[in-house]
Amino acid sequence: NAGVTQTPKFQVLKTGQSMTLQCAQDMNHNSMYWYRQDPGMGLRLIYYSASEGTTDKGEVPNGYNVSRLNKREFSLRLESAAPSQTSVYFCASNRLGEAGELFFGEGSRLTVL
Amino acid sequence: KQEVTQIPAALSVPEGENLVLNCSFTDSAIYNLQWFRQDPGKGLTSLLLIQSSQREQTSGRLNASLDKSSGRSTLYIAASQPGDSATYLCAVRPSGNQFYFGTGTSLTVIP
Numbered sequence: 039n040a041g042v043t044q045t046p047k048f049q050v051l052k053t054g055q056s057m058t059l060q061c062a063q064d065m066n067h068n069s070m071y072w073y074r075q076d077p078g079m080g081l082r083l084i085y086y087s088a089s090e091g092t093t094d095k096g097e098v099p100n101g102y103n104v105s106r107l108n109k110r111e112f113s114l115r116l117e118s119a120a121p122s123q124t125s126v127y128f129c130a131s132n133r134l135g136e137a138g139e140l141f142f143g144e145g146s147r148l149t150v151l
Numbered sequence: 030k031q032e033v034t035q036i037p038a039a040l041s042v043p044e045g046e047n048l049v050l051n052c053s054f055t056d057s058a059i060y061n062l063q064w065f066r067q068d069p070g071k072g073l074t075s076l077l078l079i080q081s082s083q084r085e086q087t088s089g090r091l092n093a094s095l096d097k098s099s100g101r102s103t104l105y106i107a108a109s110q111p112g113d114s115a116t117y118l119c120a121v122r123p124s125g126n127q128f129y130f131g132t133g134t135s136l137t138v139i140p
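Those protein sequences? They're chains A and B, same order as listed. Each number in the numbering used here corresponds to the 1-based position in the first sequence with 38 added. Each number in the numbering used here corresponds to the 1-based position in the second sequence with 29 added.
Accuracy of the hints is not assured; some may be wrong.
[Unchecked claim] Heads up, incomplete: computed chain A residues facing chain B, CB under 8 Å, no partners named:
| hint | residue |
| --- | --- |
| 1 | SER69 |
| 2 | TYR102 |
| 3 | ALA137 |
[Said to hold, decoys possible] Take a look, some chain B residues computed to stay more than 10 Å from chain A by CB distance:
| hint | residue |
| --- | --- |
| 4 | VAL42 |
| 5 | GLU46 |
| 6 | LYS71 |
| 7 | ASP96 |
[Stated by the list, open to error] Distance windows between CB atoms, simulated:
| hint | chain 1 | residue 1 | chain 2 | residue 2 | range |
| --- | --- | --- | --- | --- | --- |
| 8 | A | THR92 | B | ALA58 | 16 to 26 Å |
| 9 | B | THR137 | A | ARG147 | 19 to 29 Å |
| 10 | B | GLU85 | A | GLY54 | 49 to 59 Å |
| 11 | A | GLU90 | B | VAL42 | 27 to 37 Å |
Bear in mind the hints are in silico, worked out from the structure with no lab data behind them. Positions of the beta carbon are idealized from the N, C-alpha and C atoms, including for glycine.
So here's chain A without its partners, still in its complex pose (with noise of 0.2 Å):
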């Protein structure tokens, strides 16, 4: 069972460059969200599919496009890519209802030069 998984690992960038992050989780989960970390900032909410089909703005959507694909994948696009994204960006996935345990990615660490 591989959870949620994040694809590339680690990437550079130079500014003004596209890339797409992709997501895919095996567990049949309806909610799938991109996060940021970076430190002393904690994790901010990028965007977030509440099911197939839908995405909402979260707390920081500025810069970046997502595609809900279908109910698996769920990718985050950089269209011109800038310093202050360099960060740690984490998927992550929830099923519906106050038991839903939210489940995360290994992470993808981009660095914008």
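We have chain A already, so just place chain B on it with the hints.
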């Protein structure tokens, strides 16, 4: 907006000691609260989830309690081991799909 605070930011204890990690939140109207562990360079691993109707949850040497009225949760670790060294985060889910995270407590268990 829900604010989540974890104090202290760092804690060192000798092996074998029992310890308590604290998590406080500003809005008591929560759906659930979850405790996570994060090892350096890794993702977050779920430890315990407490639903709003529950007071505590236990898993092995871990016990988490929830007091919504006072806006507090504690994670109790019994008989600490060096392998428990990690950062522990709590996350509060007020409703819907938003989770609010504390910045964590970095725990070091000294052999």
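Hint-by-hint comparison with the structure:
With its C-beta approaching chain B no nearer than about 6 Å, SER69(A) sits inside the 8 Å limit, and its interface hint holds. Given the 8 Å rule on beta carbons, the hint for TYR102(A) is violated: about 17 Å separates it from the nearest Cβ of chain B. For ALA137(A), the suggested interface contact is upheld, since its CB lies about 6 Å from the closest CB of chain B, less than 8 Å. At roughly 23 Å, the least C-beta separation between VAL42(B) and chain A is larger than 10 Å, which holds for a residue marked as non-interface.
Even its closest Cβ contact with chain A, about 27 Å, leaves GLU46(B) beyond 10 Å, as expected for a residue assigned away from the interface. Its closest Cβ contact with chain A, about 6 Å, brings LYS71(B) to no more than 10 Å, contrary to its assignment away from the interface. Annotated as non-interface, ASP96(B) keeps its C-beta farther than 10 Å from every C-beta of chain A; the closest such distance is 17 Å. Range check, THR92(A) to ALA58(B): Cβ separation about 24 Å, and the 16 to 26 Å hint holds.
For THR137(B) and ARG147(A), the Cβ-Cβ distance of about 23 Å falls inside the hinted range of 19 to 29 Å, so the restraint holds. A beta carbon spacing of about 51 Å between GLU85(B) and GLY54(A) agrees with the range 49 to 59 Å that was offered as a hint. Taking 27 to 37 Å as the suggested C-beta distance range, the pair GLU90(A) and VAL42(B) does not conform, at roughly 45 Å.
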